[in-house]
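Based on the sequences and whatever the hints tell you, model everything.
2 protein chains.
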Amino acid sequence: MDVKKTIEEISKRAKEASRKVANLSTAVKDQCLLRTAEIIEEKKDWLREENEKDLAAAREKGLSSAFIDRLTLSDKVISSMVQGLREVAALPDPVGEVPKMWLRPNGLQVGRVRVPLGVICMIYESRPNVTIDAACLCLKAGNAVILRGGSDAIHSNLALAGIFHQALSESNIPEAAVQVVPTTDREAVNELLKREEEIDLVIPRGGEGLIRFVAETSRIPVLKHYKGVCHVYVDKYADVEMAKAICFNSKVQRPGVCNAMEGMLVHQEIAKDFLPAMARQFKEAGVELRGCKKTVSLLKDLAVAAGPEDWGQEFLDLILAVRIVDSMEEAFDYIARYGSNHTEAIVTKDYARARRFLKEVDASLVLVNASTRFNDGGQLGLGAEIGISTTKLHAYGPMGLEELTTTKFIAFGDGQVRE
Amino acid sequence: MDVKKTIEEISKRAKEASRKVANLSTAVKDQCLLRTAEIIEEKKDWLREENEKDLAAAREKGLSSAFIDRLTLSDKVISSMVQGLREVAALPDPVGEVPKMWLRPNGLQVGRVRVPLGVICMIYESRPNVTIDAACLCLKAGNAVILRGGSDAIHSNLALAGIFHQALSESNIPEAAVQVVPTTDREAVNELLKREEEIDLVIPRGGEGLIRFVAETSRIPVLKHYKGVCHVYVDKYADVEMAKAICFNSKVQRPGVCNAMEGMLVHQEIAKDFLPAMARQFKEAGVELRGCKKTVSLLKDLAVAAGPEDWGQEFLDLILAVRIVDSMEEAFDYIARYGSNHTEAIVTKDYARARRFLKEVDASLVLVNASTRFNDGGQLGLGAEIGISTTKLHAYGPMGLEELTTTKFIAFGDGQVRE
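Chains A and B, in that order, give the protein sequences.
Residue numbering for the first sequence is 405 to 823, as defined by this note's numbering.
Residue numbering for the second sequence is 405 to 823, as defined by this note's numbering.
It is worth saying that the hints were derived from the structure and are not from the lab.
Warning: the hint list may mix true and false statements.
Distance ranges between label pairs, derived from CB positions [claimed, not checked]: (1) A/PRO712 with B/ASN576: 28 to 38 Å; (2) B/GLU612 with A/TYR630: 29 to 39 Å; (3) B/MET405 with A/LYS687: 47 to 57 Å; (4) B/ASN576 with A/ALA756: 13 to 23 Å; (5) A/PRO503 with B/ARG741: 27 to 37 Å; (6) A/PRO503 with B/GLU464: 28 to 38 Å; (7) B/ASP737 with A/THR430: 19 to 29 Å; (8) B/PRO712 with A/THR430: 33 to 43 Å.
Ideal Cβ positions, reconstructed from N, Cα and C, are used throughout, including at glycine.
Here is the structure:
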């Protein structure tokens, strides 16, 4: 297979299809998503057989059980894909929305209308369910999508694409609306990242290595999320019980995800009331605390001394960096230096300090008196999401359907010309 | 001078300043802009002396008179900078706007708030007035800005930055909010484009070569505008007189700019009524028509035969490509193939065809019955603009103050944790 040529053809077909997909009615798109869900259920056995080919190869290669777990299309993963399709079908269509129109002095009526981006390319790693999740969101937002999954999931991804193609074809939508790159050649990614004439947006999902590679190689705009180093700042005016509940939830409820707390900042005036009890609760849950000098001297054997690499570290594990700060300003400086613009929370009863924190802290979600774990499209009320952007262009925070669109200007005239 | 080190220091200073600039009140920012306008007027003679250094060097190098014209800080250019500063000071501040808040079932109140991007880097060519225009918009939107102008304008740019610094300092704003790169070494651009840790957005302004270079080299997101190949489609149901007025204005009012018409598409059923009279009007204005076969056979010596390179050409001159089309669908296909996603207009009296054109044509501005020349931030009612984006991420169309910001999520809780 000539990879360069294959990618060129895929990209051109996607661009051509994107004009049709952009103009589909909401009803047709939703019907296609619901039909995809049905076919997945109908063809579940076949899907598992195809998935088994990938799993067998992975076992033969001796890949880790965690890897094989992510690769498996279990009953649970399959129902969650089906449910996801039905949920997205039920979401409002962002395309065509006109948030505002205004009248110019010359009578020209001007507005912005929400339109699809065009062609989106997803580059992701081993989870094959991303194939359906991404295709579903892209199609609902009126885009064509090119999917490049992990090479170890190629049979699963092609099978899922086949199911989507059947639903597209039954709905009279061009099959090129959803394409899985049929080769596992790594060169395909390099070729995709050069197709700036056809592809409007690249979204990498996976480890930091993949994301950095895509961001540095691509000529096409990239929406990315490097890491989540989230903090809770326990203010001197915090309600101690609330602070304990929020910090515990932020760290322990699901420690391996990007919106879990990785650093806890505690105002010195509340440290004695808050930290020892909090530390005991963390200890019971198996959380290792790595503290600054003051923390260690207060907590004794409930904490170990943090090394310089612990500040700003994304542990994704039951480990927490703890720092006692002299002031809220010190917390601001710490977050600006070590945070990753993902999620930052304050616990306080003080109105003015809550306002300052919301204003001065730069993160995709800033919370007052709530867990960092709420940074998620579903939890914030956006519906399904395709990832969380920690860079500021186009999208900052969870990317839902709206973030897969843009707006163009429209103007209604009666013969206006410029003087 | 160690260029790498200089750029590193400038970038870090900008990032540090950006935290302060993001939190300035509207009153302080506006006062600084108005004071800059005053100082420009006070120091006009000195400014012209500094500009003369650049002009003398340019004359010595034998640069073209058009180039020297763009480099000159004439009385007219100086008053337009001053007026620009006053206009931007009078515009509403985008920072802090909360377009919408909503309540989640668990009582968490969630919203989006408009915030500055952080650090913006402008890379531009010979016009020194861009220094003030860009600094003014970036500051009003709460950003720090790094300005890299053309090497031939270095004295003028540093003088303008000096004036801005005086106003910043009098307003107690860090001078690093506005920095002009003090070296003309080309390596500085390469170094700037690597500072993705500090710079949030790069905006190149200038010729296509500069823009392509920046887009291909940068690791930082780039907002760009390659070219404006704009069309007017004269539908079979057009009002002939209106079509003539709109096409004439779109082509002739200012042919050297990106929103001028470069191609005119005429439905075959109106060609005889419209084209000959239109062609005579164009001829009187000195416009050369390059037509398809049908056009040439209809217009005879009022048009020459177009070559393949004329379709999709950005002439920026009194030259126009003319094509007779069999149907509106043919016009759609032509625009999709040869347009540049900048500005597209239809002239029609038919309601359904106007609706279809608005929906199906993909351009940053789509107009019905009005001149393409309206694609401009001021004309559309956005106030001043920093350029027109023809790519779809983040901004599509004129980029005003709002496009120099982003939104972050905020959430007000009462102790909510995730279950």
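Here is what the structure says about each hint:
As the Cβ distance of A/PRO712 to B/ASN576 is approximately 35 Å, the hint placing it in 28 to 38 Å holds. Range check, B/GLU612 to A/TYR630: Cβ separation about 32 Å, and the 29 to 39 Å hint holds. At about 55 Å, the beta-carbon gap between B/MET405 and A/LYS687 stays in the expected band of 47 to 57 Å. Between B/ASN576 and A/ALA756, the C-beta spacing of about 22 Å keeps the proposed range 13 to 23 Å intact.
A C-beta distance of roughly 31 Å is found between A/PRO503 and B/ARG741, which places it inside the suggested range of 27 to 37 Å. At roughly 54 Å, the beta carbons of A/PRO503 and B/GLU464 sit outside the given window of 28 to 38 Å. Distance hint for B/ASP737 and A/THR430: a CB-CB separation of about 25 Å, consistent with the stated range 19 to 29 Å. Take B/PRO712 and A/THR430: their Cβ atoms lie about 40 Å apart, and the range 33 to 43 Å holds.
The earlier numbered hint that this structure contradicts is number 6, and it is the only one.
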